[in-house]
Structure formats: C-alpha cells, structure tokens
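Student: The chain contents come next:
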Amino acid sequence: MIRIQTEDFDVGAEIKNLVSGKGNIGGVCSFIGLVRDFSGNEPNGENITSLTLEHYPGMTEKQLEKIETQARQRWDLIETLIIHRVGQLQPSEQIVLVATAAAHRDAAFESAKFIMDFLKTEAPFWKKELGNKGAKWVAAKQSDSAKKETWENE
Amino acid sequence: MKVLYFAWLKEKTSLAEEDLPLPCGVSTVAGLMEYLKNRGGGFSDAFADITMIRVAVNMEHVQVSHPLSDSDEVAFFPPVTGG
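If you read the protein sequences in the order shown, they are chains X and E.
Each number in our numbering comes from the position in the first sequence (counting from 1) with 1346 added on.
Each number in our numbering comes from the position in the second sequence (counting from 1) with 9 added on.
Do not rely on the hints blindly, as some may be mistaken.
[What the hints assert, rightly or not] As a list, the in silico PhoX-like pairs of lysine-lysine whose alpha-carbon atoms are at most 20 angstroms apart:
| id | chain 1 | residue 1 | chain 2 | residue 2 |
| --- | --- | --- | --- | --- |
| 1 | X | Lys1474 | E | Lys19 |
| 2 | X | Lys1487 | X | Lys1459 |
| 3 | X | Lys1459 | X | Lys1412 |
| 4 | E | Lys21 | X | Lys1482 |
| 5 | X | Lys1482 | X | Lys1412 |
| 6 | E | Lys19 | E | Lys46 |
| 7 | E | Lys46 | E | Lys21 |
| 8 | X | Lys1494 | X | Lys1408 |
| 9 | X | Lys1487 | X | Lys1474 |
| 10 | E | Lys21 | X | Lys1474 |
| 11 | E | Lys11 | E | Lys21 |
| 12 | X | Lys1408 | E | Lys11 |
| 13 | X | Lys1494 | X | Lys1412 |
| 14 | E | Lys11 | E | Lys46 |
| 15 | X | Lys1482 | E | Lys19 |
Since the hints were derived computationally from the structure, they do not count as laboratory data.
All values derive from a computational prediction rather than experimental measurement.
Chain E with its partners taken away, still in its complex shape (with noise of 0.2 angstroms):
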C-alpha cells in the first residue's frame, strides 16, 4: 500500500510517502494510525492527535473506521484550508 503525508504530518513524520505493506492485524484506517503511532519519534508527534487528522483512501475522503486493503492509496493530512 502506497501512504502520503501532507503539511504539518508531512513535516513531523519528515516524510512525503512510502511504500508499506498492510502491516500485520490492520484492517481499518484507525488501526493503520496507531500502527504509525507506535513507529516512535516523529510518528508518535504526527498521530498524537487523531482528531487533527483527515484521511483519504484512494483520494476520497473517508472515516477512520474506513477498511484497508494492501492496493490501497492512504494519505494522512490536516483539514483542508484552499480557497
């Protein structure tokens, strides 16, 4: 599965996107946070707070209870502030 990180998340984790496989007991969006959480450093900064986070999954908006699977494109990022 391919991850994008974008502003601030993109500064903290100190990373624009990886490539990752569905990591092992994650099937949703929630579980993919924490598994990113737990990566430490920059990861525990950028998910400390999930209620800060808006997600996408195969560029549409979708909630943290949205299922994975391992061709899906997941991009983590502040909400929205264009115009």
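Chain X on its own, in the form it takes in the complex (with noise of 0.2 angstroms):
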C-alpha cells in the first residue's frame, strides 16, 4: 500500500493495522526517515530550520508501486507499506515509512532496504531545506545511485 500525505503518521498503528488479522506473518522491518537539523553529510553542518518537500502527484503513485511490485517479485512478502510525506516538515518531524512483512525475517530486512534504496532515486520528491544560510535545494548524492545499482548488479 501506498499513501502520500502531509500529516504525520503513528508508525506503531501502522504496524498494527498492517498485521492485523494476518497469522502468516513471522516478522516486520520497518525504516522510519526523520528530518534531520544539519544540512549535508557532517553533523557541524549548517542549521536546517525547515523542509519542504514537492513532488510529482501520480508519477509518485506509479513509481513507488513499479518499486513495491519489484520487490514482491523478489521476496515472498506478505504485505508492504509506503508512507510518504509532502509539504513543510521541522527537524526531527518523520519523512517517510517503509514496512515490510514477510514469513521470516531476512525476506522483511532486505526488502525494506531494497524499497528504501528504489525510493532515493525513483521516487519523485524534492527537498528544499530552509536554514540559518537562506533556503537551498537538497542535492542528490552519488552514493544513492551506487546503492541501487549494487541490487540491479545482483
């Protein structure tokens, strides 16, 4: 399932719903990413105060179901869940959900990640960081690239 929101979500009611009922399930990973309150990769980087996050309304939709379909294919999972969010989000405030449920656990570890890794470079989202410096466009890294290429190389 997939949903695009600009309200926060309660990843253990999301946990909860998305087992409910299923007795097969053996295990669930899930990945929960946060806005963090420095920009770049070194925690003394400059203060974020705010982020706004755009995207493609329904590219999203289809680019995040071609990734969960692919790793349905890959998996025997037996549900998956993606939650996205849009608009102004603070420091700390969750970005996104991916929880995978499977029979056992490496089929949950490795999706989750796989859906993660799709994610970064598939999925139409922008990041614009507002901070002490003025408000810039996130750019992306080089090593998410690598990261999906590592699963298309397996």
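If you follow the hints, you should be able to join the two separate chains into one complex; please do so.
Tutor: Right under this line is the structure:
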C-alpha cells in the first residue's frame, strides 16, 4: 500500500493495522526517515529550520507502485507499506515509513532496504532546506545511485 | 503536449506547467530542451546545463534521446531527493 500525505503518521498504529488478522506474518521490518537539523553529511553542517518536500503527483504513486511490485517479485512478502509525507516539515519530524511483512525475517529486512534504495533514486520527491543561511534545494547523492545499482547487478 | 517543471526548474522558469504544441522540427527530449533553452530569460537559465536535469515522459524516467509525440506529458526536474 502507498500513501502520500501532509500529515504525520503513527508507526505503531500503522504496523498494528498492517499485520492485523494475518497470522502467517512472522516478522515486520520498518524504516522511518526523519528530518535532520543539519545540512549535508557532517553533523556540524548548516542549521536547518524547516524542510519543504515537493513531489510530482501521479508519477510518485506510479514509481512507488513499481518499486513495491519489484520487491514482491524478488521476495516472498505478505504485506508492504510505504508512507511518504510532502509539504513543510520541521527537524525531527517523520518523513517516510517503509514497512515490510513476511513469514521470515530475511525477506522483511532485505526488501525494506531495497524499497528505500529505489525510492531514493526513482520516486519524484525534492527537498528544499530552509536554514540560517537561506533556502536551498538539496543535491542528490551519488552514493544513493550506487546503492540502487548494487541491487540491479545482483 | 503538456510540459511540467519541478523544484528549481519551476522557480527558474516561473512556470509549473504549460500546454505546448510539439515545436516544429523537435522529435526528442533533447530537441525540446534545446527549444526551451532558446526561449531566453529564465528558460535559458534553467536549461543552461542539461546534465543537471532529469526527464520523465508519461511519468516514466527516460533519457534525453527519448522520442516525443504531441500527446506526451513531459516533466523536467533535478535528480530526486526524497526519503
């Protein structure tokens, strides 16, 4: 399931709902992405006061559905959930939740990483940081493309 | 054809989307980018370095060599930074 929303989400409630009534689920793996309070890769980077997330409605859902389908073809998954927020967010707020449920842990762990690695390079979201030195669009990281390519070469 | 601009491309062109007939002599994404760059002003600035731009046609990622037709939805944007 895929949800794009401005409002926050409750991870506990989402996972409880995901597994509800499905006794064949043996494990759930979840990843939660948060807004950092600094820019770049160094903890002493510029201070961030807020983050705005823009996306391409329609294409976002299409790309996330494709990623979910690829994960389900690759692993034996019982449930998958992707929630991504858009709009204005503050430091420490939740941005994204990826949860995968399977009979056994390996499929859940690996597919959650797969979904995040593809989301980072394929899903049309853009972050704009507002900090003490003004506003700027976040640059994409080469390391994110490399992570996706690792899966493609396996 | 429908053309959409996102993130800093939207800011530089001062445009989120427009309806545009496929310009005469344009048959690929690269050709359309050249056409838009030649509009001048914010468009020349936005399309100055096409290596900074990613493209989707009908909501699928494509290369600049991808062919275009008048019924396509084309989107220009920077490399994605979600998650």
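Student: Now, for every hint given, state plainly whether the structure supports it.
Tutor: Cross-check of the supplied hints:
no., hint, verdict
1, Lys1474(X) to Lys19(E), "holds (13 angstroms)"
2, Lys1487(X) to Lys1459(X), "holds (17 angstroms)"
3, Lys1459(X) to Lys1412(X), "holds (15 angstroms)"
4, Lys21(E) to Lys1482(X), "holds (13 angstroms)"
5, Lys1482(X) to Lys1412(X), "violated (30 angstroms)"
6, Lys19(E) to Lys46(E), "holds (14 angstroms)"
7, Lys46(E) to Lys21(E), "holds (12 angstroms)"
8, Lys1494(X) to Lys1408(X), "holds (18 angstroms)"
9, Lys1487(X) to Lys1474(X), "holds (15 angstroms)"
10, Lys21(E) to Lys1474(X), "holds (15 angstroms)"
11, Lys11(E) to Lys21(E), "holds (18 angstroms)"
12, Lys1408(X) to Lys11(E), "holds (18 angstroms)"
13, Lys1494(X) to Lys1412(X), "holds (14 angstroms)"
14, Lys11(E) to Lys46(E), "holds (17 angstroms)"
15, Lys1482(X) to Lys19(E), "holds (14 angstroms)"
Checked against the numbered hints above, the structure breaks only hint 5 and satisfies the rest.
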